[in-house]
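*Asks:* With the hints as constraints, model all of the structure from the sequences given.
There are 2 protein chains.
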Amino acid sequence: MKIIIDAMGGDNAPREIVRGALKAQTELGVDIVLTGRAEDLLQALKDDGYTDLPRGLEIAHASQVIAMDADPTASVREQADSSLVVGLGLLARGGGDAFVSAGSTGALLAGSTLLVKRIKGIRRAALSPVLPTKKGGALLIDCGANVECTPEYLLQFAYMGSYYVKKVMGRQTPAVGLLNNGAEEHKGDPLHREAYQLLKTAGEAGRINFVGNLEGRDIAFGAADVVVADGFSGNVLLKTMEGVGLFFVDQMKEMFMQSTGSKLAALLMKKHFKSFKKMLDYTEYGGAPLLGISKPVIKAHGSSNARAICSAVRQARDFAQGGITEDIAQNIEFMKTAGEESPS
Amino acid sequence: MKIIIDAMGGDNAPREIVRGALKAQTELGVDIVLTGRAEDLLQALKDDGYTDLPRGLEIAHASQVIAMDADPTASVREQADSSLVVGLGLLARGGGDAFVSAGSTGALLAGSTLLVKRIKGIRRAALSPVLPTKKGGALLIDCGANVECTPEYLLQFAYMGSYYVKKVMGRQTPAVGLLNNGAEEHKGDPLHREAYQLLKTAGEAGRINFVGNLEGRDIAFGAADVVVADGFSGNVLLKTMEGVGLFFVDQMKEMFMQSTGSKLAALLMKKHFKSFKKMLDYTEYGGAPLLGISKPVIKAHGSSNARAICSAVRQARDFAQGGITEDIAQNIEFMKTAGEESPS
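Protein sequences, first through last, are from chains E and S.
Under our numbering, read the first sequence as residues 1 to 344, first letter to last.
Under our numbering, read the second sequence as residues 1 to 344, first letter to last.
Hints were generated in silico from the structure; no laboratory data involved.
If several chains are the same, the list does not tell them apart, and a pair holds so long as it fits within one copy or across any two.
Straight-line Cα separation of at most 35 Å, DSBU-like style, residue types lysine-lysine; simulated pairs: (1) K263 x K277; (2) K271 x K134; (3) K46 x K2; (4) K166 x K253; (5) K134 x K336; (6) K167 x K253; (7) K187 x K253.
*Replies:* Structure, rendered in structure tokens:
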């Protein structure tokens, strides 16, 4: 198993990426290819006491770095020698089993579609982070790659998410729900009403475990393992969860600093808060798989540290080993509708 | 000032509604008309020790009650002698200055539009709850009344929300933001991109204080006073905030019950938690105004107790006194676009 990592992507590149790669190589026993400026990567290794390339680690030199705010499609086309494009090129040619990047989400999406290509029959690739929930997390598909969707896209998201959660998160019959503005079957705009019927039919045929519409309030309590969403409302869901989470943490901090009594309480709660924080910590969940691409691609969080990169590599390994891409390709006939290809 | 209250609407009707009405009458000095079954209301008053109708309180008898799950439009048309329809009829005829109901949201929306009518030129009425934020709350307009919107609807929401927040929440130049899937101007689907331009133009003309796109994560921290949203994603935002809030409270409770030390910490924190809970408590914020209707209508929370009803009456009074309906009518020319009337 060989995982390709964009060593120049993210806020803490290359140092934390290189450290995460070393950690993954040691802990998971996978081979790693780092893409990026060779001199920078060798220096990062040297700073950590490695004068030679450690066993199981390779460097694929790439002289350019795509900026986080660069235009996605243009940068992929114009920066052929960037760490991201070189990495995706390697993946496409079979130079590794999966690709991990903490760089620009837009460039990773555009590059994966252009260079690695979608699975035949899949209309759009979706970005699918794991939301923290009471029941060990739920996959949100899509969280913003596809702002405009058709019912068919949502049907495909349901299948892809279901295969991923089964194989990588180890849940035998993942509960699939549709993010909507109410629980009842008739809720939503035409897109969501049509998608509901497609998911219901797939559920009745026993191909997915469709549990119906989901409301924003159900998700944190673990009402579903897979949350199917159009990219617009999925993005609202994801960022609202993040925002409210940060808000609570902020308020807690303020509250515990208010008096001597509250400071004592904070001391007493230290251990408990630690496990709670762990539940909310994205570094525990790894990155977001890009589902629908013909080979495994993982988007790691932009602020990833070594630990988060190591989690993302584990996830990339499980993604590749699970045969999810094959599952999708083999069942593509069930994911087609008579409808139009693009959103109206 | 006379406020009409649907005494049969909500989970705790009529007892808590009647109590809330009495509380409002005493504390705010407003006159109240209760609509509902006279015998039930008199019994509720008697149970609380009132053998006569207290001064400032009237009863408008209505023999029917619209069920929470009834079809909105059909129930409004068919149940002419329901507490909701009787109340709206009174409001329409000038038998009171504002109407408060904790009953079915759908029926209240349908009934208000059919019986009280929209302000001339307003395309759709919007339901606008106050979201708890670090800066004393933000008005979300719309939260689900209009699942499909046009850019013009969103423009009208921005103006209406701005007038309401200024007059009822007392903020001189309310910051108006557009809920979108990213901060940059080009973000979103065509609906949100077009709405952005309309809001930007209104902002440049000095008619609203447009602060740009909002992401879900900004809202709890108080990035805007008015959050303009299509009803679908507004609903996702509202319910996600509720859900994550409940989830945190649930997790806190679990954490504080885990050990002797944590139980002691809970005792030490009791006072601090109380003020935090107050910030999140919907009974503090009253209900959600229905903006765009030609007279003030407030939707109180379905689970309202006396305190929440009293807050909703205060809000209804401020809504009526503030002249918001007049503000909207006088500025209607700025809220028109050349575009189509209905969502495509």
